[in-house]
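**Q** The residues making up each chain are set out below.
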Amino acid sequence: MKREEFVAAAWLDAGEVLRSRWLLLCLCVYTVLGAVFVLVGMRESSVYGFTGTGRVLFSLCHALVIVLPLLALLATGQIVNRARDDGSLELLLSHPIGRTAYLSGVTLVRGFALTAPLALVLGALVFLGAIAFDQPIPFTFLIRAFSIAVAQLVAFVGLGIATSVMVRHPARAITVLFVIWATGVALLDFAGIALMLRWRIPAQAVFVLAALNPVQAARMALLSSAEPSLATLGPVGFYLANRVGSTALFVIGLVWPVFVGVSAWLAAWWAFCRGDLV
Amino acid sequence: MRIEVQRVSKRFGAVTALSDVTFCIEPGRRVALIGPNGSGKSTLNRILMGLLTCDGEVRIDGHSPFRDRVEIARGLAYVPQAPPQLGARVDELVAAVTRVRAIERREVERVAAALELDLREQGGHPFRTLSGGMKQKFLIALAFSSGASLLLLDEPTGSLDADARERFFGLFDELDPLTTLILCSHRLEEIRPLVDHVLFLEDGRLVYDGAAASFLDRCTVSVLEVWADESAARWLSSRGFHPTPAGVWVRNATHAEKMKLLQELAAELGSSLRNVNARDLERLDLTVAGRVGGRG
Chain A
1 MKREEFVAAA WLDAGEVLRS RWLLLCLCVY TVLGAVFVLV GMRESSVYGF TGTGRVLFSL
61 CHALVIVLPL LALLATGQIV NRARDDGSLE LLLSHPIGRT AYLSGVTLVR GFALTAPLAL
121 VLGALVFLGA IAFDQPIPFT FLIRAFSIAV AQLVAFVGLG IATSVMVRHP ARAITVLFVI
181 WATGVALLDF AGIALMLRWR IPAQAVFVLA ALNPVQAARM ALLSSAEPSL ATLGPVGFYL
241 ANRVGSTALF VIGLVWPVFV GVSAWLAAWW AFCRGDLV
Chain B
279 MRIEVQRVSK RFGAVTALSD VTFCIEPGRR VALIGPNGSG KSTLNRILMG LLTCDGEVRI
339 DGHSPFRDRV EIARGLAYVP QAPPQLGARV DELVAAVTRV RAIERREVER VAAALELDLR
399 EQGGHPFRTL SGGMKQKFLI ALAFSSGASL LLLDEPTGSL DADARERFFG LFDELDPLTT
459 LILCSHRLEE IRPLVDHVLF LEDGRLVYDG AAASFLDRCT VSVLEVWADE SAARWLSSRG
519 FHPTPAGVWV RNATHAEKMK LLQELAAELG SSLRNVNARD LERLDLTVAG RVGGRG
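Here the protein sequences line up with chains A and B, keeping their order.
Residue 6 in our numbering sits at position 6 of the first sequence, with consecutive numbering throughout.
Numbering-wise, our numbering comes out as the position in the second sequence, counting from 1, plus 278.
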């Protein structure tokens with residue numbers, strides 16, 4: 001992969017991201033969520049055992065665990081199949097731009113479009129808490145929460161890119177993206193518990209299945225640092241938190257989503273490099 | 279570039295797009311790729327660009343276009359029949375292409391200007407908002423400024439007006455004699471001056487691979503106009519001629535039909551025949567082309 005090829009592909013996609021207002025949309029979503037949690041949570045409260053900026057960040061990240069997968073899937077799930085459909089991929093790849101350079105370029109641009117506004121909003125929240133509300137800056141939790149959010153983005157950007165490469169019809173890709181999001185978000189550990197009760201599946205198997213969900217992994221990593229109780233963590237998180245400990249949950253919450261995302265991206269890259277490009 | 283295609287087949291599910299296609303194009307050859315809609319022309323183009331896998335073997339200057347696509351693409355330029363709906367601004371596209379091809383922007387501007395497209399004026403506009411003609415001129419400018427030694431042009435003048443087409447033909451004067459051209463077109467005004475060889479595809483099979491002149495002789499559609507006395511009306515009707523309000527009898531004919539009819543007109547109508555005019559239409563009769571067959 002040559003640098004010029006990568007830059008050309010990334011530059012063209014960056015223009016597309018700006019035109020389609022993706023950066024703005026992400027910034028707005030993060031800002032609205034942040035503003036809501038500032039309004040309701042910056043004042044004294046100890047629902048989760050800590051207050052102020054830390055609580056706002058905690059609430060925001062909890063919401064982001066649900067929102068980020070959706071944003072990441074929508075931002076990436078129709079790049080390649082739509083470009084195939086409208087002929088722009090054929091034209092672009094008639095020039096000396098490698099498959100790897102193209103896929104890497106669009107992936108990194110979309111990843112940046114999702115991550116940069118998040119960093120900006122989290123930074124702004126901390127700054128606001130320190131200046132306007134005289135709150136201490138919770139550096140540890142901030143770094144921890146941002147790392148988990150980035151891991152989530154890696155997971156779902158990878159899954160989105162894989163969908164856009166492997167599902168050729170853009171309209172059908174929407175269905176697949178929704179199924180991925182619904183599976184990740186709606187079916188946290190609760191469906192697994194229902195299965196366990198209904199068919200007497202071993203608890204460990206259910207816990208492993210639930211923990212394989214990157215959203216669940218991120219949620220557990222986030223919650224275990226703040227409130228490792230059964231009520232907030234759910235059965236799987238509570239079991240794993242007690243079994244492997246808070247630090248291990250954090251590591252799983254980082255490593256597993258990244259592994260899922262990178263694996264999905266590599267599968268997409270393999271298919272993109274070996275199959276028909278148009 | 280030298281193109282060797284050996285027993286190439288391509289299927290999309292149950293549909294066979296290309297079947298056992300074999301040909302060779304030497305460097306510098308100007309080839310028309312002709313065939314009815316769905317005959318496999320676009321598929322073949324895409325295989326040559328390395329965008330599709332296929333059975334059989336394709337070599338461009340000894341390289342596999344699929345495996346060595348970027349290497350091949352450095353020397354290949356393509357103008358699609360239908361410009362894509364790219365949202366990118368014209369300047370962004372020029373920047374991307376000049377970057378990967380290591381060419382100067384002013385060279386693209388020069389070729390565009392030769393087609394009467396002012397890139398400085400249009401540079402800020404999104405590509406998809408340009409008119410059909412402007413899009414085509416821009417893509418032609420990118421292709422001809424690339425210095426490519428293989429040009430794949432798929433109906434490149436479909437949206438150009440007559441003046442722009444003339445300017446487009448002028449661009450070929452500047453090409454290196456060793457530049458290989460593959461032109462998908464049904465327009466005789468393009469094929470006649472630009473190509474010396476024809477590949478004719480039908481239902482995914484190569485049915486003609488030979489000299490352009492003999493192909494065009496046989497497939498060019500002509501219109502025959504006959505001025506004759508009223509006594510010839512019955513005979514002319516029986517031969518498929520139709521009277522116009524101006525009293526002229528007309529019918530379309532392929533080359534072979536034209537030659538036969540001209541002989542018959544003289545022999546059968548005798549003194550009742552006042553005048554005959556035969557002129558070529560700027561299109562090919564592809565139903566006849568399919569029957570031409572073989573290698574010329």
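In short, the hints are calculated from the structure, not lab data.
You may find that some hints are simply not true.
Listed next, with one range per pair, are the computed distances between beta-carbon atoms [stated by the list, open to error]:
(1) A:PHE139 / B:GLY425: 50 to 60 Å
(2) A:ALA182 / B:GLN363: 23 to 33 Å
(3) A:LEU108 / B:SER409: 28 to 38 Å
All C-beta atoms, glycine included, are put in the ideal place defined by N, C-alpha and C.
**Q** The structure should be examined with respect to each hint, and the outcome stated for every one.
**A** Evaluated hints:
no. : hint                            : in the structure
1   : A:PHE139 / B:GLY425: 50 to 60 Å : 55 Å, holds
2   : A:ALA182 / B:GLN363: 23 to 33 Å : 31 Å, holds
3   : A:LEU108 / B:SER409: 28 to 38 Å : 34 Å, holds
Violated hints: none; the structure is consistent with every hint.
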